[in-house]
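**Q** Chains as they are written, first to last, in the numbering used here: chain B, 562 to 1200; chain F, 242 to 543.
Any given hint could be a false lead.
Derived, one-sided and incomplete: chain F residues facing chain B with beta-carbon distance under 10 Å [to be verified]:
hint: 1; residue: L251
hint: 2; residue: F293
hint: 3; residue: N429
hint: 4; residue: E442
In case anyone wonders, no lab produced these hints; they're calculated from the structure.
Quantities reported herein were computed from a predicted structural model and do not represent experimental measurements.
Even glycine gets a Cβ: it sits at the ideal position worked out from N, Cα and C.
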Amino acid sequence: MSELLRIATAGSVDDGKSTLIGRLLYDSKAIFADQLDAVATTSKARGSDAPDLALLTDGLRAEREQGITIDVAYRYFATPKRKFIIADTPGHLQYTRNMVTGASTADVAIILIDARHGVLEQSRRHAFLASLLAIPHLVVCINKMDLVDFSEEVYEEIRSEFEQFAAKLEVRDLSFIPISALTGDNVVTRSQAMGWYTGSALLDHLENLHIASDRNLIDVRLPVQYVIRPHQSRDADLHDFRGYAGTLAGGVMKAGDEVTVLPLGRTTTVSAVWGPGGTKLEEAFTGQAVTVELADDIDIARGDLICRPQNRPFVGQDLDAMLCWLTEQSSLVPGHRYTIQHTTRSTRAVVEKIDYRLDVNTLHRDEQVDELGLNEIGRITLRTQQPLLFDAYRRSRETGSFILIDETTNNTVAAGMITGPAYQHDNVVWHDGAVARDARPAPGDGQGMTLWLTGLSGSGKSTIAAEAERLLNESGRAAYLLDGDNLRHGLNADLGFSAGDRAENVRRTGAVAQILADSGQVAIVSLVSPDAEARDRVRAAHQAAGLRFVEVFVDTPLEVCEARDPKGMYARARAGEISDFTGVDAPYEAPARPELTLSPADGGVDASAALLVAAVEQASTTVPGTASETITREGNEDD
Amino acid sequence: MTVVYEQTHLDRLESESVHIFREVAATAEKPVLLFSGGKDSVVMLHLAIKAFWPAQVPFGVMHVDTGQNFDEVIEYRDRMVEKHGLRLIVASVQDDIDAGRSHEEYPGAPRNRLQTAALLRGIAENQFGAAFGGARRDEEKARAKERVFSFRDEFGQWDPRNQRPELWSLYNGRHRKGENIRVFPLSNWTELDIWSYIEREGIELPELYYARKRTVVERDGMLLAVNRFIEPKPGEQPFEALTRFRTVGDATCTGCVESDATTTAQVVAEVAAARITERGATRADDRISEAGMEDRKKEGYF
Ligand SMILES: Nc1nc2c(ncn2[C@@H]2O[C@H](COP(=O)(O)OP(=O)(O)O)[C@@H](O)[C@H]2O)c(=O)[nH]1
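I would like the entire structure built from these sequences, with the hints used as guidance.
**A** Below is the structure:
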């Protein structure tokens, strides 16, 4: 079984991109004899003995005459393991537009750097664009190593400079390969001349990139594309058939699943899932073209979306997005109307404002801006006529992307990546409230605090926390549960699972908990929060604000969590379908000095929840803002 | 056992093509599928049928008929139309010649170039807003940059510098009256993908694609099968050879190649090992100039 890998390439002019692609095609035998003959003839005519491989990828006549590539061209080659599609995008100063186009569907970006010139402004731009478009993998090929004596120092210098810049970007998987496209070193076969390089050659790397976990298998999203109703069929049995056809943009769907149809909001059950041509599917997953039948007759049209009742996209008319302007015929001006095309929905949109323009080379934000021109990228706020059903682009490329179309020329003028629903964020100064903390009507009979439950997925955090919330409220103490999974639908919906996103997740959740605690409530946080330092920062922020922070370690062994596997996540992580899963291929750092540790030996959910309530009682007696003692357990002293 | 949620590359290509068919059917005014009986158009039709199952394909098919087709291909075409209950429109080059709109260079000359006019007339007369074509990007250099949705002006012309950027799976098919969109659902398929898919799906093709004993003559370095369009010229020695066709175009100029691939599986193996492109091998008109295809595209040919 061979998979498909989509590659986007970028490099400045003359970095050797055409040569590299020609080399990949040639060495993987994707070049036919007659094509090679044509290249050899042309090379000879230009006075070169060896066939110039760059000519293989060279396209239209206008470009041949100018000797440059001017657009996105697609190339194909295959090895027994994979079929590859290369979107060949030129790296000229003015061609951000082409790279954005070619990169929109890429699994991996190859960025070329000329070893003699090092990291150029353009290399930075290419890296930035790859990260903006959320290409999961980035491979930096340091080319023309033959011209720098295959020097390890040169390679290391470029590598460290690039890494420094890339650290500012969100790049999930970054690797470096020293190559010579001309001689073929480290392209298809490992280089003899660079024994110091221990990694794999480029083709090998591309063949083995782990892409299965790049897709979003969690958020079920089926934008309805076409309603299939064979009511005039020769076969009368089909007259009642109603199938909702579309390409699954996320998640896994099967017969029997409870689903909600948006924007209507009606919930029903999937009765059958069909592949093309009526192949019955046990399960359908991201990327598959399917036709779905539902148990109830609901009025569904193109542009609607089928999802799970507990996991819905945003529904709204105001959204924030990063936008790349693609045409020289006009500029983006706030107030102008466009047609917006988002998944299978099309409506009108007005760009309300441009928040800033981003300098793609320096990442500097220019807020004094009233339009965006060709190849410019900016953050904008958009209002649509009909609501869109969307996710943040980082979370889902399919439901987080859109294009804008000019209504007079019908041209595609902009590519957009949604960052989230639009909120008012003009006012960022801190206002001291008029109500002092102790002047608030007490929401309960005790003081506010944060109970922070950390532990592996499946350790029981959420169940215990929910029960403790119930007990506390029942006893007249205002408590509010902040559940990590739930927050990812709203507050943290724009975040993924990279280390940076996880730290941000903890920071935001901590900040909200602190607000609740400040208002006098008990904030109960249930969050894996694997990073000890991130948790400590939340603790420090609470202490600085004079608020109690109780860290609770839900210490359920990994084997137990994995055996429970309530969301099937461990199985997927083990199968390699999702990556960075805590406990499997991402570390969990247990708290060094938690105020309370809960283990399965404490008894069931009820016993653990009771211990939490007791912890709240005890913490209430300590001085807020000081480091609290480990909570003593009633009745545990004799153990 | 855990399920691995991974599509094979053929499944992925199939899903993408199905997505494109549905997108056009949902948004375009009066689409039509260009059907020649050639293997790419056959695969295209197969995908269209799968995309709308269990309903009928919601658009008709158009054949641009040069009047110089292989008999087997016309038979095959009519059989498919019948079998799938399709609506067939024929845009005839012969009609153009008879009406004096097109001119043959000499009687019996290849008519590939005259197809363009018939195609454009067919689209205009029927007011088709979108036409599905079976072109693939791997066929030829000029096609490597072709979009899936290719915009044509009111003269059917293609301007390589004025094509819409195509991002994600968001296709913009908007156009004014008179203009139209060519849609290429097989853009990302290679010749090998096509054959592997034909094998996997058990798709029936015209006999010409398989090796049979045929009477041929050698002309300009190509093998031409003797039929009612190709007569041996003085000095040409007809002979029997086991051959098959890699493309089926105008019968006056489409050559065949020696091959012993009598089954689809054997063709797949042959294609996998091939060292010469299908166009390079068998289309006399494409060999005229390297930029030949580009010129024809600009005129409105696919
Ligand atoms: N010495 C050397 N020259 C190279 C290498 N790669 C490319 N070149 C040369 O650099 C020039 C520009 O290469 P080309 O592939 O056309 O660059 P592009 O503009 O990035 O497509 C050509 O003269 C190539 O032969 C390499 O690895 N070593």
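**Q** If you check each hint against the structure, which ones fail?
**A** none
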